[in-house]
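J.: Below, each chain spelled out in residue letters.
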Amino acid sequence: AQSVTQLDSHVSVSEGTPVLLRCNYSSSYSPSLFWYVQHPNKGLQLLLKYTSAATLVKGINGFEAEFKKSETSFHLTKPSAHMSDAAEYFCVVSDTSGAAGNKLTFGGGTRVLVKP
Amino acid sequence: NAGVTQTPKFRVLKTGQSMTLLCAQDMNHEYMYWYRQDPGMGLRLIHYSVGEGTTAKGEVPDGYNVSRLKKQNFLLGLESAAPSQTSVYFCASRQGTTHNYGYTFGSGTRLTVV
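Chains as they are written, first to last, in our numbering: chain A, 1 to 116; chain B, 1 to 114.
What the hints contain is simulated information worked out from the structure, not anything from laboratory work. Check the hints yourself; a few may be wrong.
To be verified - To give a feel for the contact side, a few chain A residues facing chain B, derived at Cβ under 10 Å: (1) K49; (2) F63; (3) F106.
Said to hold, decoys possible - Computed list of lysine to aspartate or glutamate pairs in DMTMM-like fashion (alpha-carbon distance at most 25 Å, straight line): (4) A/K42 to B/E59; (5) A/K58 to B/E59; (6) A/K49 to B/E79; (7) B/K70 to B/D38; (8) B/K71 to B/D26; (9) B/K14 to B/E30; (10) A/K49 to B/E59; (11) A/K42 to B/D38; (12) B/K9 to B/D38; (13) A/K49 to B/D62; (14) A/K115 to A/E71; (15) A/K49 to B/D38; (16) A/K69 to A/E15.
Only a predicted model underlies this, so the values are computations on that prediction, with no experimental measurement involved. Virtual Cβ for every residue (Gly too), placed ideally from N, Cα, C.
Using the sequences and the accompanying hints, generate a full structural model.
T.: Quick look at the structure:
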């Protein structure tokens with residue numbers, strides 16, 4: 001079984017300040033982990049993914065995430081928020097056992113508000 | 001590149017009506033998925049398919065049926081719609097079992113059942 005907990009349902013930051021979105025996971029197997037972003041009334045876009053290579057993963061639009069196995073965490077960060085970062089972000093774990101089609105399990109989402 | 005296309009984009013149903021949501025992908029992906037998105041719950045898997053002619057239940061399959069008669073299409077059916085099925089539905093596909101292969105999502109279908 002696998003699960004994902006996003007520790008903050010809402011995060012508010014000022015433009016130009018750092019963004020931290022927290023994610024903890026549990027998985028019976030070595031997980032693959034993803035962060036997706038969803039802008040209002042849009043589909044999901046992949047920001048970055050961890051698949052057992054480097055633990056610090058760089059993604060698009062200046063985002064990065066660090067996989068910490070000891071803490072079962074995969075927090076997403078960005079040094080300087082931009083107005084266009086206002087969106088909902090989902091932390092996602094994928095079962096790598098090969099069973100069940102490697103289906104994804106989503107966290108509940110974190111909605112980011114960027115203030116001018 | 002069309003990627004994953006969902007039709008329709010919006011729909012309003014009356015309780016008890018039926019409808020089919022269509023997902024089409026042009027990437028020759030083996031795996032296809034149907035998710036529903038509800039506030040505060042992320043996306044939850046309804047049904048999925050690991051290849052043409054195969055389907056399997058996900059986390060929340062009740063009230064839904066699916067079919068994968070052609071590799072490129074994955075249909076989600078609601079036989080008798082209920083207000084609890086008001087949601088945004090997303091289809092996704094991926095190339096294969098290796099976890100390095102990413103998922104491609106459609107833009108969603110917003111369904112309201114009144």
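J.: Now tell me if each hint is right for this structure.
T.: Here is what the structure says about each hint:
For A/K49, the interface hint holds, the least distance from its beta-carbon to any beta-carbon of chain B being 7 Å, beneath 10 Å. With a least beta-carbon distance of about 16 Å to chain B, the hint placing A/F63 at the interface is violated under the 10 Å criterion. A cut of 10 Å between beta carbons decides the hint on A/F106: the least distance to chain B is about 3 Å, and the hint holds. The hinted pair formed by A/K42 and B/E59 meets the criterion: a straight-line CA distance of about 23 Å does not exceed 25 Å.
Note on A/K58 and B/E59: the hinted pairing is violated, with a Cα-Cα distance of about 31 Å set against a maximum of 25 Å. With a C-alpha separation of about 37 Å, the suggested pairing of A/K49 with B/E79 is violated against the 25 Å cut-off. Distance restraint check for B/K70 and B/D38: the Cα-Cα separation of roughly 29 Å exceeds the 25 Å cut-off, and the hinted pair is therefore not satisfied. As the CA atoms of B/K71 and B/D26 are separated by approximately 9 Å, the hinted pair is consistent with the 25 Å bound.
Simply put, B/K14 and B/E30 have alpha-carbon atoms about 34 Å apart, too far for the 25 Å limit, and the pair is violated. About 23 Å separates the Cα atoms of A/K49 and B/E59, which keeps this hinted pair within 25 Å; it holds. A C-alpha spacing of about 14 Å is found between A/K42 and B/D38, which places the hinted pair at or below 25 Å, so the restraint holds. Only pairs whose Cα atoms come within 25 Å are accepted, and B/K9 paired with B/D38 is accepted, the gap being roughly 16 Å.
Between A/K49 and B/D62, the direct Cα distance comes to roughly 31 Å. Violation of the 25 Å bound is thereby established for this hinted pair. The hinted pair formed by A/K115 and A/E71 fails the criterion: a straight-line CA distance of about 31 Å is larger than 25 Å. At roughly 23 Å between alpha-carbon atoms, A/K49 and B/D38 fall within 25 Å of each other, so this suggested pair holds. Of the pairs offered as hints, the one joining A/K69 and A/E15 is violated, with about 31 Å between alpha carbons and a cut-off of 25 Å exceeded.
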